[in-house]
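Full structure from sequences and hints, please.
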Amino acid sequence: MIRLEKRPQPSRAFSWAAPLLAVLATFFFGGLLFAALGKDPVQSILTIFWQPLFGEFSFFYRPQLLIKGAPLVLIAIGLSLGFRAGIWNIGAEGQYIMGALFGAGFGLAFYPADSALIFPGMVLAGAFGGWIWAMIPAILKVRFGTNEILVSLMLVYVAEQFLASMSLGLMKNPEGFGFPGSRNLQQYPSAHNAELIAGSGMHWGVVAAMIAVIFAYVLLTRHRLGFAVRVTGEAPRAAKFSGVNPGRLVLFCLGTSGMLAGLAGLFEVSGPAGQVTIDFNTGYGFTAIIVAFLGRLHPIGIVLAGLLMALTYIGGDIAQSQLGLPAAAIQVFQGMLLFFLLAFDLFTNYRLRTGRTEAA
1 MIRLEKRPQP SRAFSWAAPL LAVLATFFFG GLLFAALGKD PVQSILTIFW QPLFGEFSFF
61 YRPQLLIKGA PLVLIAIGLS LGFRAGIWNI GAEGQYIMGA LFGAGFGLAF YPADSALIFP
121 GMVLAGAFGG WIWAMIPAIL KVRFGTNEIL VSLMLVYVAE QFLASMSLGL MKNPEGFGFP
181 GSRNLQQYPS AHNAELIAGS GMHWGVVAAM IAVIFAYVLL TRHRLGFAVR VTGEAPRAAK
241 FSGVNPGRLV LFCLGTSGML AGLAGLFEVS GPAGQVTIDF NTGYGFTAII VAFLGRLHPI
301 GIVLAGLLMA LTYIGGDIAQ SQLGLPAAAI QVFQGMLLFF LLAFDLFTNY RLRTGRTEAA
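Using this note's numbering, you'd call the opening residue of the sequence shown number 1 and step up by one each time.
Hints are supplied without guarantee of correctness; some may be wrong.
Simulated pairs of lysine to any residue, SDA-like, Cα-Cα distance not exceeding 25 Å [unchecked claim]:
#1 Lys6 to Phe27
#2 Lys240 to Thr354
#3 Lys6 to Thr348
Have a look at the derived ranges for each label pair, beta carbon to beta carbon [stated by the list, open to error]:
#4 Gly169 to Asn147: 31 to 37 Å
#5 Pro63 to Ile278: 49 to 55 Å
#6 Gly169 to Gly243: 45 to 51 Å
#7 Leu20 to Pro189: 29 to 35 Å
#8 Pro326 to Ile278: 17 to 23 Å
#9 Leu342 to Gly169: 38 to 44 Å
#10 Gly335 to Val42: 30 to 36 Å
#11 Ile2 to Ser58: 33 to 39 Å
#12 Arg143 to Pro120: 32 to 38 Å
#13 Gly243 to Ser321: 53 to 59 Å
#14 Glu234 to Arg353: 46 to 52 Å
#15 Ala109 to Gln9: 16 to 22 Å
Just so you know, these hints were derived from the structure itself, not from any lab. Ideal Cβ placement from N, Cα and C applies to all residues, glycine included.
Structural data, given as structure tokens:
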């Protein structure tokens, strides 16, 4: 008989091996998925992971790693702080949308003014938009004890309705011939998040992601607040005896994750996306959950996981165009990463035992 037995202590080796095993399992079962769709599994995997880095047009695709990876890393860093403390923000997608709306709204309000202060104002507005949207579940949890998972997730759908409303109404381009969507911010120099180095993919969103990684690392390893985050997640009872205020920690973790998600939305709408549209949100807020766990909730690990997920986005687009793989298959492939990571994480705290169980 096969049974799970709890380990006396969590396996540190298995904790760090789980992401690698999850990636390998995703390759294998993803290959089976592609084979079931009538595609060569080896060619499909190589197209996704090799072509963007070393293929014929890699000079074009490589900068996309920073463009696609920056919002994932920025959002995942914020989520990881809450996850470490046992505070589950599942609504980063909504905070990402609201950050984009607040930031773009600020910039469009001054159109067509030419001022160096507009873009910094957009950054502040974007951060505020994400922060205020995250504070709704935070305050409800602290004041009424509501479940932050449900509230933050439901607010994603409210944010999507706001996005549709703004695209069709208040932010609709008056010179857009009736098409939904705002003015193109890439054609508005004062509000455009342009590349800092042409052709590199490096823009202010990438810089913000790097700063967030450094901030999170220092916070978790050198600051008393980081200690409160870690001890609350690992030993909640000990956290109470050490003087941690749980309400303040909830406000900090949810507020910080919302602010970073809002910044990601602002940098995306003012840069690569260029405008507010009905389908502006591309699932970065949900994918960042995979990035956070794949990176073991560690800032450096999140950077590596963000680049890996960015690679699946870019390679997935190539596979769709060159091999005819459906977009849904690429999304399933990405989802497999989280599924297998959670599966292998089980063995960090449990191990398999075989043999008969003794009768009570």
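How the hints compare with the structure:
1. Lys6 to Phe27: violated, 29 Å
2. Lys240 to Thr354: With Cα atoms ~40 Å apart, Lys240 and Thr354 exceed 25 Å; violated.
3. Lys6 to Thr348: holds, 9 Å
4. Gly169 to Asn147: 31 to 37 Å: At roughly 32 Å between Cβ atoms, Asn147 and Gly169 fall inside 31 to 37 Å, so the hint holds.
5. Pro63 to Ile278: 49 to 55 Å: violated, 27 Å
6. Gly169 to Gly243: 45 to 51 Å: holds, 49 Å
7. Leu20 to Pro189: 29 to 35 Å: 45 Å Cβ-Cβ, so the 29 to 35 Å window is violated.
8. Pro326 to Ile278: 17 to 23 Å: holds, 22 Å
9. Leu342 to Gly169: 38 to 44 Å: Since the Cβ atoms of Leu342 and Gly169 sit about 40 Å apart, the hinted range of 38 to 44 Å holds.
10. Gly335 to Val42: 30 to 36 Å: violated, 21 Å
11. Ile2 to Ser58: 33 to 39 Å: violated, 46 Å
12. Arg143 to Pro120: 32 to 38 Å: holds, 33 Å
13. Gly243 to Ser321: 53 to 59 Å: holds, 56 Å
14. Glu234 to Arg353: 46 to 52 Å: Cβ of Glu234 to Cβ of Arg353: about 26 Å, so the range 46 to 52 Å is violated.
15. Ala109 to Gln9: 16 to 22 Å: violated, 56 Å
The structure is inconsistent with the numbered hints 1, 2, 5, 7, 10, 11, 14, 15, although it conforms to all the rest.
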